[in-house]
Amino acid sequence: MPLFRRKKKGHQVRVKRYYGKNGITIELPENKDRDIRKLDAEMNWEDCERLREIGKACILNKYFDLAEMVFERVMELDPDDDDAVIQFSSALLNQRRWDEAEEIISNYFSTDPTSSVAHQFLSVIYEKKGEYQKSQAEMYKALECDPNNENALWMAYWRAHKLSGNEGALQEMQDLATKYPKAWGPIYIMARHFEDLHPKNAKKYYESALQRDDSDAILTSYTAFLGKIGSYREMIKIVEASRKRRSVDFRVLFNLGEAYLEEGQVDKAYDVSLELQGVVPPPYGKRLKDFVHRVRAAKGT
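Going from the sequence shown to the working numbering is simple: count from 1 and add 357.
All the pointers check out, no bait thrown in.
Here are the simulated lysine-lysine pairs, DSS-like style, with alpha carbons at most 25 Å apart:
| hint | residue 1 | residue 2 |
| --- | --- | --- |
| 1 | K656 | K643 |
| 2 | K486 | K519 |
| 3 | K560 | K536 |
I should point out that these hints are in silico values taken from the structure, not numbers from a laboratory.
Quick caveat, the model's predicted, so the values are computed rather than measured.
My request is simple: use the sequences and hints to build the entire structure.
Dropping the structure here:
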């Protein structure tokens, strides 16, 4: 019996599917009125790794009360699991239990006072509570701990945008790029800003961000952007250079494979299709199937 599937009045509860890390399949009941304490008897509350996946699936599917139970158990099993603390607080936050979420995160700082994720999360809590000055302070603390924290950067971007529009938002990112000269995050946000408004500027900022770091976050967005504007040869050059230094994210590989196809390099596209089959998670299965079909059609096989 799939996890969380149970019978109600003689009928199977309808479920929706979530794919987690390592292809783990999790099914959750769609009805919101279920009693979460009457779950499938096969639920294993001792399997910490499985529980982590289940908890994240619950948050993704907005089963926050169940996520709270799951991550509370994870923290019991593994008191050193920092991510479980954040996820547990997230479950509380999404139930509008802001004071409890704040208390959990505040206590967490005694363990790790430099956690960028925790500071950014506390910023969200304060924002929900209407304590905007505290929220702003925590947002900047998050960026001090990690100036590449994308969530915190977008918070800074949109807050500046709300006050001063595009010009203010871009100035905020420029100030952060100056303050943290080794960080790629603020420049990456500027590149994202210009993608539709001014592609030449977007390209300039992507190139600048890559000079600081060729992270997967940059490569994924930049290669997708290059594909959108038809710069396939440049995309191939950039990704091939990165692949000589390290492995890249499967989404970058998808974009590389598409570029090979567009440039008529079918054999290389075929090699990428084989490589993808070993790394693509289940949610991208349809895209992979379509790509493989087009590669085989191009090869005439």
